[in-house]
Amino acid sequence: MHEAEFACELYSAMVREGHQGTVRFGMFGVDMAVGQIGFGENSLYPTSFDGPGGCVGQSAAAPVLGSRDRKLRVGDLVFVDIGCAMDGYSSDKTMVYQFGRTLPAEAVAAHRRCVEVERQLAAALRPGAIPSEIYRQTMAGLDAEFLKNFMGFGARRANFLGHGIGLQIDESPVLAEGFDEPLAEDMVFAIEPKKGVPGVGMVGSENTYRVTPDGGVSLTGTHPGLLLV
1301 MHEAEFACEL YSAMVREGHQ GTVRFGMFGV DMAVGQIGFG ENSLYPTSFD
1351 GPGGCVGQSA AAPVLGSRDR KLRVGDLVFV DIGCAMDGYS SDKTMVYQFG
1401 RTLPAEAVAA HRRCVEVERQ LAAALRPGAI PSEIYRQTMA GLDAEFLKNF
1451 MGFGARRANF LGHGIGLQID ESPVLAEGFD EPLAEDMVFA IEPKKGVPGV
1501 GMVGSENTYR VTPDGGVSLT GTHPGLLLV
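Numbering (the numbering used here), first residue to last: 1301 to 1529.
Keep in mind that the hints are not guaranteed to be accurate.
Said to hold, decoys possible - Taking CB as the label site, the calculated pair distances span:
{"id": "1", "residue 1": "Leu-1447", "residue 2": "Ala-1423", "range": "19 to 27 angstroms"}
{"id": "2", "residue 1": "Glu-1485", "residue 2": "Ala-1362", "range": "36 to 44 angstroms"}
{"id": "3", "residue 1": "Arg-1373", "residue 2": "Pro-1346", "range": "17 to 25 angstroms"}
{"id": "4", "residue 1": "Glu-1481", "residue 2": "Ala-1333", "range": "27 to 35 angstroms"}
{"id": "5", "residue 1": "Leu-1372", "residue 2": "His-1523", "range": "16 to 24 angstroms"}
{"id": "6", "residue 1": "Ala-1333", "residue 2": "Arg-1373", "range": "34 to 42 angstroms"}
{"id": "7", "residue 1": "Glu-1485", "residue 2": "Gln-1358", "range": "36 to 44 angstroms"}
{"id": "8", "residue 1": "Met-1439", "residue 2": "Pro-1404", "range": "23 to 31 angstroms"}
For the record, the hints were derived by calculation from the structure and aren't laboratory data. Nothing here was measured: the structure is a model prediction, and the numbers come from that model. Even glycine gets a Cβ: it sits at the ideal position worked out from N, Cα and C.
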(Lines of atoms letter the chains of each structure in order from A and count residues from 1; the text may use other names and numbers.)
(Lines give C-alpha, C1' and ligand atoms only; values in the text may rest on other atoms or scores of the structure.)
Protein backbone atom coordinates (compact mmCIF):
# COMPACT_ATOMS: atom_id res chain seq x y z
CA MET A 1 0.00 0.00 0.00
CA HIS A 2 1.32 3.45 -0.85
CA GLU A 3 0.61 6.65 1.09
CA ALA A 4 -2.11 7.90 -1.25
CA GLU A 5 -3.98 4.58 -1.05
CA PHE A 6 -3.82 4.72 2.74
CA ALA A 7 -5.15 8.29 2.68
CA CYS A 8 -8.07 7.21 0.48
CA GLU A 9 -8.97 4.37 2.86
CA LEU A 10 -8.74 6.75 5.80
CA TYR A 11 -10.91 9.38 4.12
CA SER A 12 -13.57 6.78 3.33
CA ALA A 13 -13.62 5.63 6.95
CA MET A 14 -13.88 9.24 8.19
CA VAL A 15 -16.89 9.96 5.98
CA ARG A 16 -18.61 6.76 7.07
CA GLU A 17 -18.14 7.83 10.70
CA GLY A 18 -19.72 11.25 10.12
CA HIS A 19 -17.05 13.56 8.66
CA GLN A 20 -18.67 16.24 6.47
CA GLY A 21 -16.07 15.68 3.78
CA THR A 22 -13.99 18.85 4.02
CA VAL A 23 -12.42 21.25 6.50
CA ARG A 24 -11.76 24.96 6.09
CA PHE A 25 -8.60 26.98 6.63
CA GLY A 26 -8.20 30.72 7.06
CA MET A 27 -4.64 30.84 5.75
CA PHE A 28 -4.20 31.67 2.08
CA GLY A 29 -3.56 28.97 -0.48
CA VAL A 30 -4.24 25.87 1.62
CA ASP A 31 -5.85 22.87 -0.07
CA MET A 32 -6.42 19.81 2.08
CA ALA A 33 -8.65 16.79 1.54
CA VAL A 34 -7.59 14.60 4.47
CA GLY A 35 -4.46 15.98 6.08
CA GLN A 36 -0.77 15.15 6.11
CA ILE A 37 0.10 11.48 5.65
CA GLY A 38 3.69 10.26 5.76
CA PHE A 39 5.50 6.94 5.98
CA GLY A 40 8.93 7.19 7.59
CA GLU A 41 11.03 10.20 6.61
CA ASN A 42 8.36 11.42 4.17
CA SER A 43 6.72 12.93 7.27
CA LEU A 44 9.71 15.30 7.51
CA TYR A 45 9.50 16.54 3.93
CA PRO A 46 9.17 20.36 3.81
CA THR A 47 6.03 21.98 2.42
CA SER A 48 4.57 25.48 2.30
CA PHE A 49 2.05 24.53 4.99
CA ASP A 50 2.62 26.36 8.31
CA GLY A 51 2.84 23.41 10.65
CA PRO A 52 5.46 21.08 12.14
CA GLY A 53 4.67 17.99 10.05
CA GLY A 54 5.82 17.27 6.51
CA CYS A 55 4.32 15.55 3.50
CA VAL A 56 5.65 14.62 0.05
CA GLY A 57 2.14 14.38 -1.36
CA GLN A 58 1.24 14.00 -5.02
CA SER A 59 3.79 16.57 -6.21
CA ALA A 60 5.47 19.79 -5.15
CA ALA A 61 2.35 21.59 -6.40
CA ALA A 62 0.03 19.40 -4.31
CA PRO A 63 1.70 18.34 -1.03
CA VAL A 64 -1.46 16.62 0.22
CA LEU A 65 -2.85 13.10 0.73
CA GLY A 66 0.41 11.21 0.29
CA SER A 67 2.86 9.93 -2.27
CA ARG A 68 1.95 7.29 -4.85
CA ASP A 69 5.60 6.23 -4.90
CA ARG A 70 6.25 5.61 -1.19
CA LYS A 71 5.00 2.19 -0.12
CA LEU A 72 4.60 0.99 3.45
CA ARG A 73 7.53 -1.03 4.80
CA VAL A 74 8.02 -3.04 7.98
CA GLY A 75 9.58 -0.79 10.61
CA ASP A 76 8.01 2.40 9.24
CA LEU A 77 6.71 5.21 11.36
CA VAL A 78 3.24 6.12 10.08
CA PHE A 79 2.38 9.80 10.60
CA VAL A 80 -1.30 10.76 10.39
CA ASP A 81 -2.34 14.40 10.93
CA ILE A 82 -5.98 14.89 9.95
CA GLY A 83 -8.77 17.42 10.22
CA CYS A 84 -12.31 16.16 10.65
CA ALA A 85 -15.55 18.17 10.84
CA MET A 86 -19.23 17.75 11.61
CA ASP A 87 -21.96 20.36 11.19
CA GLY A 88 -19.32 22.93 10.26
CA TYR A 89 -17.10 22.52 13.33
CA SER A 90 -13.60 21.11 12.99
CA SER A 91 -11.27 18.98 15.05
CA ASP A 92 -7.56 18.35 14.51
CA LYS A 93 -5.72 15.20 15.57
CA THR A 94 -2.37 13.54 15.00
CA MET A 95 -1.51 9.91 15.67
CA VAL A 96 1.81 8.17 15.10
CA TYR A 97 1.92 4.41 14.51
CA GLN A 98 4.69 1.80 14.37
CA PHE A 99 4.30 -0.68 11.53
CA GLY A 100 5.56 -4.22 12.11
CA ARG A 101 8.16 -3.46 14.76
CA THR A 102 8.98 -0.83 17.34
CA LEU A 103 10.78 2.36 16.40
CA PRO A 104 14.32 3.14 17.62
CA ALA A 105 14.60 4.07 21.30
CA GLU A 106 15.46 7.69 20.45
CA ALA A 107 12.20 8.12 18.54
CA VAL A 108 10.12 6.44 21.25
CA ALA A 109 11.65 8.68 23.94
CA ALA A 110 11.07 11.83 21.85
CA HIS A 111 7.45 10.85 21.24
CA ARG A 112 6.80 10.24 24.93
CA ARG A 113 8.30 13.63 25.79
CA CYS A 114 5.97 15.28 23.24
CA VAL A 115 2.99 13.59 24.91
CA GLU A 116 4.16 14.96 28.27
CA VAL A 117 4.35 18.45 26.76
CA GLU A 118 0.84 18.07 25.33
CA ARG A 119 -0.53 17.15 28.75
CA GLN A 120 1.29 20.06 30.37
CA LEU A 121 -0.17 22.46 27.82
CA ALA A 122 -3.65 20.99 28.22
CA ALA A 123 -3.52 21.54 31.98
CA ALA A 124 -2.76 25.23 31.35
CA LEU A 125 -5.88 25.81 29.20
CA ARG A 126 -7.91 27.64 31.84
CA PRO A 127 -9.98 30.84 31.66
CA GLY A 128 -7.74 33.87 32.22
CA ALA A 129 -4.52 32.19 31.11
CA ILE A 130 -2.45 34.15 28.57
CA PRO A 131 -1.52 32.21 25.40
CA SER A 132 1.89 33.87 24.99
CA GLU A 133 2.78 33.11 28.62
CA ILE A 134 1.78 29.46 28.22
CA TYR A 135 4.03 29.30 25.15
CA ARG A 136 7.03 30.96 26.81
CA GLN A 137 6.81 28.94 30.03
CA THR A 138 6.54 25.68 28.13
CA MET A 139 9.43 26.43 25.77
CA ALA A 140 11.61 27.55 28.70
CA GLY A 141 11.12 24.17 30.33
CA LEU A 142 12.50 22.20 27.37
CA ASP A 143 16.20 21.30 27.23
CA ALA A 144 18.44 22.25 24.34
CA GLU A 145 18.77 18.70 23.02
CA PHE A 146 15.02 18.19 22.86
CA LEU A 147 14.56 21.55 21.12
CA LYS A 148 16.62 20.31 18.15
CA ASN A 149 14.05 19.67 15.42
CA PHE A 150 11.19 20.43 17.83
CA MET A 151 8.06 21.68 16.02
CA GLY A 152 9.56 20.88 12.65
CA PHE A 153 12.72 19.61 11.04
CA GLY A 154 15.89 21.40 9.99
CA ALA A 155 15.32 25.02 9.00
CA ARG A 156 11.56 24.55 8.70
CA ARG A 157 10.00 25.12 12.13
CA ALA A 158 6.59 26.22 13.40
CA ASN A 159 6.69 29.01 15.98
CA PHE A 160 3.65 27.88 17.96
CA LEU A 161 2.52 24.97 20.14
CA GLY A 162 -1.19 25.04 19.37
CA HIS A 163 -3.93 27.02 17.69
CA GLY A 164 -7.56 27.94 18.07
CA ILE A 165 -9.98 25.82 16.08
CA GLY A 166 -13.68 25.96 15.26
CA LEU A 167 -15.35 26.81 11.95
CA GLN A 168 -11.82 26.88 10.54
CA ILE A 169 -8.86 24.69 11.45
CA ASP A 170 -6.57 27.66 12.03
CA GLU A 171 -8.25 30.24 14.26
CA SER A 172 -7.08 32.79 16.78
CA PRO A 173 -5.77 32.81 19.42
CA VAL A 174 -2.57 30.84 18.95
CA LEU A 175 -0.26 29.44 21.63
CA ALA A 176 2.63 31.62 20.50
CA GLU A 177 4.37 34.93 21.08
CA GLY A 178 2.19 37.99 20.53
CA PHE A 179 -1.12 36.51 21.68
CA ASP A 180 -1.72 38.30 24.95
CA GLU A 181 -5.49 38.28 25.38
CA PRO A 182 -6.69 35.92 28.14
CA LEU A 183 -8.42 32.66 27.34
CA ALA A 184 -12.16 32.34 27.91
CA GLU A 185 -14.08 29.28 29.00
CA ASP A 186 -15.21 26.99 26.15
CA MET A 187 -12.61 28.25 23.67
CA VAL A 188 -11.25 25.29 21.69
CA PHE A 189 -7.59 24.62 20.86
CA ALA A 190 -5.58 22.04 18.96
CA ILE A 191 -2.34 21.30 20.81
CA GLU A 192 0.41 19.70 18.72
CA PRO A 193 3.93 19.26 20.13
CA LYS A 194 5.98 17.33 17.56
CA LYS A 195 9.62 16.57 16.89
CA GLY A 196 11.47 15.43 13.80
CA VAL A 197 13.78 12.44 14.27
CA PRO A 198 16.43 12.00 11.54
CA GLY A 199 16.15 8.68 9.75
CA VAL A 200 12.78 7.93 11.35
CA GLY A 201 10.17 10.65 10.81
CA MET A 202 7.93 13.04 12.74
CA VAL A 203 6.88 11.92 16.21
CA GLY A 204 4.50 13.65 18.60
CA SER A 205 0.81 14.03 19.19
CA GLU A 206 -2.11 16.36 18.69
CA ASN A 207 -5.58 16.59 20.17
CA THR A 208 -8.36 19.16 20.28
CA TYR A 209 -9.24 20.59 23.70
CA ARG A 210 -11.99 22.69 25.26
CA VAL A 211 -10.93 25.33 27.81
CA THR A 212 -12.45 24.72 31.26
CA PRO A 213 -11.72 25.97 34.82
CA ASP A 214 -10.05 22.60 35.48
CA GLY A 215 -7.84 22.69 32.39
CA GLY A 216 -8.28 21.48 28.84
CA VAL A 217 -10.69 18.61 28.19
CA SER A 218 -9.85 16.53 25.12
CA LEU A 219 -12.55 16.24 22.46
CA THR A 220 -10.52 13.79 20.36
CA GLY A 221 -9.49 11.07 22.80
CA THR A 222 -6.58 10.51 25.14
CA HIS A 223 -4.54 7.70 23.57
CA PRO A 224 -0.82 8.60 23.69
CA GLY A 225 -0.15 7.18 20.24
CA LEU A 226 2.76 5.05 19.03
CA LEU A 227 0.45 2.08 18.50
CA LEU A 228 2.19 -0.99 17.11
CA VAL A 229 0.23 -2.29 14.11
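Of the numbered hints stated previously, which ones are contradicted by the structure, given in increasing order? 6
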